[in-house]
Amino acid sequence: MSLGSPTKYWWDEPLDPYEKTWVWAAGVFCVLITIAMPFWHYTGDQNPSQEYYKISPEKFDAATERFITAYKVGEEQGIPVVVPPPKSDIFIRAHQFGWEPILKLKVGQSYKLHLGSMDMNHGFSLQPINMNFQVVPGWDNILNITPTTTGVFHIVCNEYCGLGHHTMIGKLYVE
Amino acid sequence: MASDNFRVCPTTGLKVDFSAQTLIKLNAFTAIVFLLVGGLLGLAIVLTRWQAVHLLTAELFYRALTLHGIAMLVAWIVFFEMALLYFTSAILLNCRLAVPWLGWLQYILMLVGGAIVTVMVLTGNADVMFTSYVPLKAHHLYYLGIVLFAVGAILGCVTFFATLGIAKTEKTYQGSVPLVTYGAIVAAIIAILTLAHGAIFFIPTWLWALGVIPMMDPETYRLLFWGFGHSTQQINVAAMIACWYAIGTLTVGAQPASEKFSRSAFALYAIFICIASEHHLLVDPGISAAHKEWNTGYFMHLAVLASMMHAFSVPAQIEIALRKKGYTKGMFEWLKKAPWGDPAFSSMVFSVTGFGFMGGITGILYGTEQLNIIRHNTIAVPGHFHATVVVGTTMAFMGITYYVLPLIFQRQVAFPTVAKLQPYVYGVGMWIFCIAMMFVGGFGVPRRHWDITAAESLFKGELSFGPTVDLGFAVVAIGGVLAFVGGAMFVLNAVATVAMGKKVNQ
Amino acid sequence: MSNLKEEHRPHGTAMLVWFFFASLIVYYLLSWKFLTGIWKVG
Ligand code: HEM
Ligand SMILES: [Cu+2]
Ligand SMILES: [Cu+2]
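Residue numbers (our numbering), protein chains in the order written: chain A, 1 to 175; chain B, 1 to 506; chain F, 1 to 42.
Next up, chain A with everything else stripped away, as it sits in the complex:
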């Protein structure tokens, strides 16, 4: 009876074979799913950021502006459209309530994407491919990405960042 004190020598009771098998199976499973993470880290192509720096919003802003000036090709909805060379450092700045610039990337090429915030936490959610990363003020979240599909993508903010949160949408092209 689980509501009353157990019999005197409860710790001496041996387990049923079913219990023993189950706890072994569960234990082995837990070990395997633990190993899966470092395994994919070394062998897989989809991993979260391995690189990040502390950086003030002002400095991140300045770096983004330099990047925009260097590679700007036009504007869409008043937002600069930028075509950076492959393998370069590319920047996306999040703020209440928008993402800049609009990037045009080449499929199959790798880029070093820097994500930073000017104010609140924001959520970088690339749709419809569905990849999600946290953007934290004071930090540069760096992702080595290689687009593998072409098309028009939107960046949805999926971290609540204030009452205009749902208006915070960005855009990205891959050709």
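Hints listed in this document are in silico derivations from the structure and should not be mistaken for laboratory results.
Treat each hint with caution, since some may be false.
Label pairs and their calculated CB-CB ranges [unchecked claim]:
#, chain 1, residue 1, chain 2, residue 2, range
1, B, Leu210, A, Phe39, 46 to 52 angstroms
2, B, Thr220, F, Glu6, 55 to 61 angstroms
3, A, Gly27, B, Glu333, 28 to 34 angstroms
4, B, Thr468, A, Asp12, 55 to 61 angstroms
5, A, Lys112, F, Leu30, 29 to 35 angstroms
Note that beta-carbon positions come from the ideal geometry of N, C-alpha and C, so glycine has one too.
Position chains B and F with the ligands against the provided structure of chain A, taking the given hints into account.
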């Protein structure tokens, strides 16, 4: 036999301390009131996210969502846990409640803290979600309210341990404490550790809101917040599982299949799960991959092991009890003959299966470093935790309430037929709700979001999650409304029972 | 509980938990499959 401070329970023969009884009643009742508030907000939220209805304005939606999280996850759950702590110490151990005024202080602090927080959110002074990630800033009283609430909860745990001490010295029980009390001890240990940890960042954040000190680094806040926020969920898990064992005994007279097995599993929670909080930060900057993998792998999966052990021993104890009653034909005669009409039993079955099949499996998936990339902050996450904390914890607490009413409130459940149906309405509704949210989340739909058509953005008309998602949200809403009805059946029945249920004869 | 009579042992539960185990593995493997559908990142 009843003395000034005790009555003797006619059903169980246990001595029931009056101050413990009053505090159990107050805490449980307050919890249920918050469940009602949270449920109404939940209904409004789910009917807003279903954009065919889009009930609330954006501002009200975020406000309602903030208060829903607090009323449910904080107020309903923690008030109920205080009742459970007093029940598993004073009542189950046949003992007087230590320092009753400390218990009262617990209740008053939590009530005042909860009220301050509620008022701050309702007046638009704290549109920050229950996570209140800095630099989002609420009115300083909001943080003070949270701190008062937490201090109250700590005092509840202190009263609990002091009562255990008295029971031990006065030898009111023999040998080891009952398994359910053991589970509550694990919950209370985790509670004290995590609530004390909560002070490390809530007090500085409060001082920051007052303008006394500078803001904490936002990533440090997230780390400290989830070190606290994740661990507090383990209080709920331990309390929920204690309820599973208790309901097994109350409904079919089950005995733990193996005390050693179940207690070891509980101990694993206390030792490991507190540390596994980085699964909230898997796609964050500022924490190395090695640290994330170590934290969420080793520490979390040993707790997963513990849950899987309970997943065996909880149904096993019920099966053994029913088989001993003679239902031994085939594999599953016992399951057919189980007391499906007893609302505590059916609640518990929903709780166990929902926690395991929905919450447990998705928890392992979304908590894996790489897999988190495709689920972080999508609506699949609320899908996951409604499976754990609603189908799991809330239904376990609802189930045990059906026994708390006659045993502690000494009232017969006012509407037995409603009680019989209630777990099915709530449980089925919540299963639909959770599965649909997890499904929709797979398409990348964000959580905490008022408008996924992006109609007020620069790119309006360009973004669409497609018709499958629209349909999915209709199913989410159907499940949510059904769950709301089930929740209302529970709350109204409980309130009616307390107000006008027939007295259990003494 | 080793002293249980054979007919009182939790045969049904043992089967149910293996069913749980199988669903767990299936969903776990499926999720990794979904993961490989996104861009290369790391
Ligand atoms: C009738 C029952 C319920 C319904 C219809 C419901 C509905 C919802 C919905 C639609 C969301 C918002 C998802 C989003 O946009 O991010 C939500 C969030 C949430 N719910 Fe519930 N819920 C119910 C019961 C509960 C219960 C019983 C609990 C806790 C014990 C709970 C805890 C939460 C929490 C913590 C959040 C997250 C809030 C946030 O993101 O800040 N819910 N709920
Ligand atoms: Cu944002
Ligand atoms: Cu946002």
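Status of the given 46 to 52 angstroms range, CB of Phe39(A) versus CB of Leu210(B): holds, 48 angstroms
Look at the Cβ atoms of Lys112(A) and Leu30(F) and judge whether their distance stays inside 29 to 35 angstroms. holds, 31 angstroms
Between the beta carbons of Gly27(A) and Glu333(B), is the distance compatible with 28 to 34 angstroms? For Gly27(A) and Glu333(B) the Cβ distance comes to about 31 angstroms; the hint holds.
Given a hint of 55 to 61 angstroms, does the C-beta separation of Thr220(B) and Glu6(F) actually sit inside it? Because 58 angstroms falls inside the window, the suggested range holds.
Return holds or violated for the Cβ distance of Thr468(B) and Asp12(A) against the range 55 to 61 angstroms. holds, 56 angstroms
Against the hints set out earlier in the document, no violation occurs for any number.
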